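Dock chain H against the given chain E, drawing on the hints supplied.
There are 2 protein chains.
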Amino acid sequence: MKQIDPETARRHKTKMERRKAVQDAEVAEKTVEKGLLIVNTGPGKGKSTAAFGLALRMLGYGKRVGIVQFIKGAWHAGEKHALAVFGDKVAWYAMGEGFTWETQDLTRDIAAAERAWAKARELMADPSFGLVILDELNIALRYDYLNLDEVVRDLATRRDDLHVVVTGRNAKPALIEAADLVTEMGAVKHHFTAGVKAQKGIEF
Amino acid sequence: MKQIDPETARRHKTKMERRKAVQDAEVAEKTVEKGLLIVNTGPGKGKSTAAFGLALRMLGYGKRVGIVQFIKGAWHAGEKHALAVFGDKVAWYAMGEGFTWETQDLTRDIAAAERAWAKARELMADPSFGLVILDELNIALRYDYLNLDEVVRDLATRRDDLHVVVTGRNAKPALIEAADLVTEMGAVKHHFTAGVKAQKGIEF
Chain E
1 MKQIDPETAR RHKTKMERRK AVQDAEVAEK TVEKGLLIVN TGPGKGKSTA
51 AFGLALRMLG YGKRVGIVQF IKGAWHAGEK HALAVFGDKV AWYAMGEGFT
101 WETQDLTRDI AAAERAWAKA RELMADPSFG LVILDELNIA LRYDYLNLDE
151 VVRDLATRRD DLHVVVTGRN AKPALIEAAD LVTEMGAVKH HFTAGVKAQK
201 GIEF
Chain H
1 MKQIDPETAR RHKTKMERRK AVQDAEVAEK TVEKGLLIVN TGPGKGKSTA
51 AFGLALRMLG YGKRVGIVQF IKGAWHAGEK HALAVFGDKV AWYAMGEGFT
101 WETQDLTRDI AAAERAWAKA RELMADPSFG LVILDELNIA LRYDYLNLDE
151 VVRDLATRRD DLHVVVTGRN AKPALIEAAD LVTEMGAVKH HFTAGVKAQK
201 GIEF
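From first to last, the protein sequence lines stand for chains E and H. Sequential numbering of the first sequence, starting at 1, is according to the UniProt record's numbering. Sequential numbering of the second sequence, starting at 1, is according to the UniProt record's numbering.
Don't take each hint at face value.
For chains that are exact copies, the list does not tell them apart, and a pair is met inside one copy or across any two.
[To be verified] Straight line, CA to CA, 27 Å or less: simulated DSSO-like cross-link-like pairs of lysine-lysine:
id	residue 1	residue 2
1	Lys119	Lys30
2	Lys13	Lys34
3	Lys89	Lys15
4	Lys13	Lys172
5	Lys34	Lys200
6	Lys119	Lys63
Bear in mind the hints are in silico, worked out from the structure with no lab data behind them. Quantities reported herein were computed from a predicted structural model and do not represent experimental measurements.
Just chain E, same shape as in the assembly (with noise of 0.2 Å):
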């Protein structure tokens, strides 16, 4: 094992006593709850998945989760495959109808993300979730198949206690001013870029 010699030891345990009474002071400071607009966004990967990483945390404290994906109508497989053992805890809507370049349809577009936009609004008006997850709604404002005014207002106006997390590249400014964590992911290195395929499990 590393040795640590006792005034390297001593000198560390005295500056994290510093550190954590700085912290406690930090926590302190911070006494509101209320649910959180959480914004995934950025060209890097983890969007959703973090998306999904709180859904999982949240049925671990027995609260109910709902999805509604504005876009990807097959992706997520293994998530929705995973989350089924959650049963009725979990509300799965996969309204899109697939990616703008498969669908190559706009008016068939803005019509699934109208219905997938009712179904949010349904969700967030459901006291039971604790939680809603809005996939790759950031796509479905950026094409404006959906009235960015009309969006922030009703998330803006959502009941208090619910979190809700909204995913997607290019997230709108407006939809930035209203959130209350907004997460870029960047992508620092991508092993697309090295010919790697997607894979089951790690993409899809």
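What follows is chain H alone, placed relative to chain E:
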């Protein structure tokens, strides 16, 4: 419903046909299948949460998932509870003693990190696992609790088909170099700065 004129619809279709052709060609170029070394780093939220989302996806395909927590002994209670549903498909090892400013004991922190790395090696050698999550390993590396060269060598020489996710801020350059997929979670906006406290189901 929003109305689309025929000319707009036609132009959209042509554009999306071209985009699909590009997309299909890109997918066809990628042929390699391999276990990925994935690093989720950066100051933003979602590093561990995305790793747990990936666990969910793997479980959906019937693969076993191993989790070694290097630092946060007490965190992830929600995920741990939810994952218990999957029985022995999930092997969870909380080897960390809490944050460094909680333990205030460098010798104990190093010993805990070394035990955690021994467990990580054991899980990586066990062919029953499809994914191993090394949660907060970056923290143990940042504070030099573990030998970086040894860790990178062990990761690089693991089984070909094993996916590994390493989480934590400040990933070391040598680890990023060795990785296939690196995502930097950036904090665009955080509710802590607005006085909102850490909440059950969101932060823990």
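Of all the hints given earlier, name the ones this structure violates by number, lowest first. 1, 2, 3
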